[in-house]
Amino acid sequence: MRIVCWFLLLIGVGSGAGSGVGCAATPESRTTRLQAADVLGAADDVREQLAQSDFLAQRGATSPEMVLLPTIATNRSDDRLTDGERWMVTAGVARAPAVLGLMREKNIAVQAPPTAAGFLEQYGIDPGAHDRANLPTHLFTAEVASIARAAATGLSSDARALDERRDTYFVRYEIVEATGRRVLWNGSAELARRATGLLID
Amino acid sequence: MRSRPIHVAASLARGRWCLSAIGCAAGGVNEQLRADMIAGRYATARAEAASNISNNREDRDYLLDRVRLLAAAMADGTDRMIEPEIAELYDLLRTQGLNEDRTAASVVVGERNARIWKGEPFEQALAYAYIGLHDALDGDWGNARATARNALFLLRDFERSGGSLADSWSDDPVAQREAVIEGADPDGPIGYRPVASDFEFGYLLLALAAQEAGYPEEVDDALRGLDAIAPELNDLGRRIRAGEYNLIVVASAGSAPRKVQAGPDGAIGLFRPTARSGRELLFVGTDGMSASAPVATDINRMAEDLRWTSLEELRTARAAIGRLLVGGGVVTAAASDDNETALAIGAGVAAIGALLLANAGADVRHAETLPQRLYLAPVMLPADAKTVRVEINGGPGVTLPTAGLVGPGAPGIVYVRLNEGVANWAPSDPHVRYANDATGGAGPVGRDALPYVLGGRDVRTPSVSVMEDYWRAGLPRTIGVNELRELYQAEEIVFGESAERDPTLRHVLENGDGLYTPRPGSIGFVRLICREAPAYEPRSAALQAVRAAMESEMRVSLNAEDSAMERNGR
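Residue numbers (my numbering), protein chains in the order written: chain P, 1 to 201; chain U, 202 to 771.
Bound-form chain U, shown alone:
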């Protein structure tokens, strides 16, 4: 008879993985995006993230999709494409209690299946910071300042007898979290207190934005906050306060820590580094100028810090309920002997308990496209500098063209995501090879000034103002701006506002369908505009006909020139 409850328990235990597979498939993690970011395939990551984005605000990954997309688009220099998604992301980050009505559901079906992902507090701070950086890149310092302030929300520190626990705790992060969830550890009750943020990059961004917006008192406040937590960044703050810069270089590197399940029933969510922390300096230099900046923020540090993670009461409570029910069910079944009804009830309760346990695992969704570290370097670029090198000491680097970066009156600002993947293909002496909407059409001459699809080196959006350059380069005057637009449409190339608002696009220079220009100084700009692209292969009969006519005309013209030369030779 005793074999029956053991059999029930064993069956439940065996069945737990099935329930787990159905209920909480540790899903929602996109390692392909992480791999693309590590390899420097930012446009691929951006297009992939945009293709899978949910447009349903009730979707549990609605915010996560947008954070993933934001980090990828920023790295690619195409974040202007996603302004509506950024506005949505900001709006929902500022919305409180997103999951307040979903608590009951998450008890039963698990967080992954019930709760809208809003990210751990450190992921939220980073999302705010990226939005602020996006605004800063647009020169919108008022909004950059507002968003940076939101990134510096209060944190929750834990204490026992008036002192912070940070120094006295066990090194076991699971034990730390369990103690906080239970409100006590063997040494006594644990309390909490709100404390100022220690997000160093947030303070730097706030100081910079306040400086540019013209609020010196706020710069001083931000720098006092920074000095209290990271005195090693004091010199960066001083350079911002003194206005000793005409270019701000924001750099990131590495890959975001990965969230995993830990502890009993996998109920505790922990972040494990995927890229090592380090103190390597960032160097920014060109002929006649060299500057360095220490790491502003180590995201591994934030992810491991209890103050930057949300508490897990619910998950633990759910796991406890599950254990209780499995235990109660098995005991009931064991005690029932021949009482079939009690046995059935016990087995049923145990099954429900097992279901709850199966779903007790922590929600491991996280923003894989975020980096491991952030730098911010204010530098004074010489007026005649053609390129600027941005490099992590002993690590990856990239050389950027300065075209379009620094203008009169306002400082330039660039954001680069550095890694070995980029370093492998980035040109050592980049210059603008294709006329584009950001730096204009002054580069190519002669037939090179024709549109790329017609054999030239111009990828500007077709408009009335660019046609004169094309006609001078040999485009028949019978082709005006409307005819050129029709040719692009025949090729199914998206341009203009449609391209500027479609983050799923890849550029025609990379055999894609889009005609757009990434931000000057971005990795996307260097990749597309500063490298040689393969010749364009026409897809439509219309374009083939125009190209054939132009070739024919050119041959006639060359023959005429040869004849003239021959005549002159005689």
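Next comes chain P alone, as it looks inside the complex:
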């Protein structure tokens, strides 16, 4: 009988090494990859910065129409971004209701390129109609950068391994003239993601 208990104790210890961590861990993210929802969350920041900008302060509902065309974001981050994700960073934000409403008040039409339309629809963003005759006067560009940090917290099943990663993403937005490329406005958004769990496992 003593042996059976001993056996149970051993199995308990053996499995506790892993399951203990599993139990203790909060339902935290397992990845620091940039998610589409994160990107859309930046739309409020962009709207706020645009609303307070000199660029829009000079405009009103009767200003000459401006046609803004988002371009696919440049990826300078440590994450591999699909075309869809890169379009979400620009077209997704520019066509987000919060930003779109502000633009309309300033007589700025935001045209999503046809290549971006399918991606926007996937995330419930209305791409709108693309009017080929209405040529873009301005471009909405973005560059995504990031800083990654990894650490060993000692909480995982292998106490000596890296088991936490933090990625802080910085998105720099610009509105530039379609011809001449003069920068009329720039803004930024920042978001951080943290994930736990052994990086090599």
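No wet-lab data here; the hints were simulated from the structure.
Misleading hints may appear alongside valid ones.
Short derived list, chain P residues pointing at chain U, Cβ under 10 Å [said to hold, decoys possible]:
1) Arg30
2) Ser77
3) Ala148
4) Ala152
5) Glu164
6) Thr168
7) Leu199
In this text the structure is predicted, and so the values were computed from the model without any measurement.
Ideal Cβ placement from N, Cα and C applies to all residues, glycine included.
Start from chain P and add chain U according to the hints.
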């Protein structure tokens, strides 16, 4: 009476192989894929790997399937077919703690039967590098750069009294690993520290991607990292930094090391080379240009390096539990004499211990399709070069057509997996024999410009834009693009997006069902497009009828020409 426990122990010992066979059948290893890769049968390996791929994210081989497929498709030049699989692979490589909830299960049933394969750290670095290379081949330098950075993750070095253990350790890899697992060896406690990666190819890829993406400071950072670990690659870095290239040749050779069980109860996983390491230079040359590059990364070296392998605490712990239980069970049975209850308990515990021992063997799953070494050579190809030779000094080589490789504004990039199998069939003077979607339809003339299935040399995807070429070559104008597509469908030939996304396909030029074009400059491109294929044999009545009608029309036309000539002769 003493015979009974001995009998129990002997039975358990005899039974262990059965338990082992049931619980941990050293399965999951695919030597056929390795053989195909060694023989240069990359399309076969790619199709085979794709046919067996799991689509269940919970499948323990989900990642392994994709790494195998990636290396095979890259070698074949058909990696664009597997973009969804590459995206999945990257996503899961970036997912942490994949097996955190599976630790308990792997104690009991063994790693092979419980844990999702994520590969040893060196296999993960190589998977990242291949994904980055795939992006680079697509000209997507931003993603190539991001993926290369992920390939350069920190490693765990081990030290005693402030110094690295690398120089002072015993040559016995099992002893090394056991010492690290136990945290000490006879000379004292062993600590660890995170250190920068020494994955040379990763630094080169990062420098190249940063250079092409326009981030010079990052190029310098990457090259400083490279210089610290591999000064012999300094000249490659300088050529990248100076932009002295219009073509990047990435080459690999040999076969990945094989993972085997070693040590007590086979609990330690070790990699054994299947292709020898070597320092042979890679030569890239054509008329008026010759360049060389040293081996960038020796994968045998990585596989043997403790810093590039995961630790084995769990396996050792499980083996220890097993030994304890077998010992405890046998002792209990031996001491029980006539106590049948104690004997039964002892035997039961010993049986469980034997089960644990049977499953204590290291998980030997590994990516067999990876190579033994990697090269990266930046070269300046003359504008008029028609072919370029890529060859390992004293080893295999291949001559590539330059069609479609180097365009204005951006450098070309090719990836070739070299081995004797390829060298045996590769043409010495390759040129584009079949019009294709990558290099276009300018090659064949006359009836050769007809689709391959109609007796010509054109394997382009049927589209409105190619029909004019076909009509000029003699295709009746009654056959438009829709009718041609129907003919392909009648032949059960897959084309267009369906073919571009189906890695199980083989090409019609090889008696398969797919119409697609591998990347220019790839081994698959040379094999399919630059060699003579057997004439196509129609399978459907519809195609046979069209071909018969065309033959008949041609005979009428030839007869008319003969008659005209005869009349003129008179």
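Results for each hint:
Residue-level restraint check for Arg30/P holds (minimum Cβ-Cβ distance to chain U is 5 Å; threshold 10 Å). The beta carbon of Ser77/P is positioned within 10 Å of a beta carbon in chain U (closest approach about 6 Å), and the interface hint is therefore held. Residue-level restraint check for Ala148/P holds (minimum Cβ-Cβ distance to chain U is 8 Å; threshold 10 Å). Taking 10 Å as the C-beta cut-off, the interface hint given for Ala152/P holds, the closest approach to chain U being about 7 Å.
At its closest, the beta carbon of Glu164/P sits 8 Å from a beta carbon of chain U; the interface hint therefore holds under the 10 Å criterion. Annotation: Thr168/P was flagged as interfacial toward chain U, and the flag is violated, the nearest CB pair being 15 Å apart, outside 10 Å. Because the smallest distance between the Cβ of Leu199/P and any Cβ of chain U comes to about 5 Å, under 10 Å, the interface hint for this residue holds.
The structure does not agree with numbered hint 6 stated previously, though it agrees with all others.
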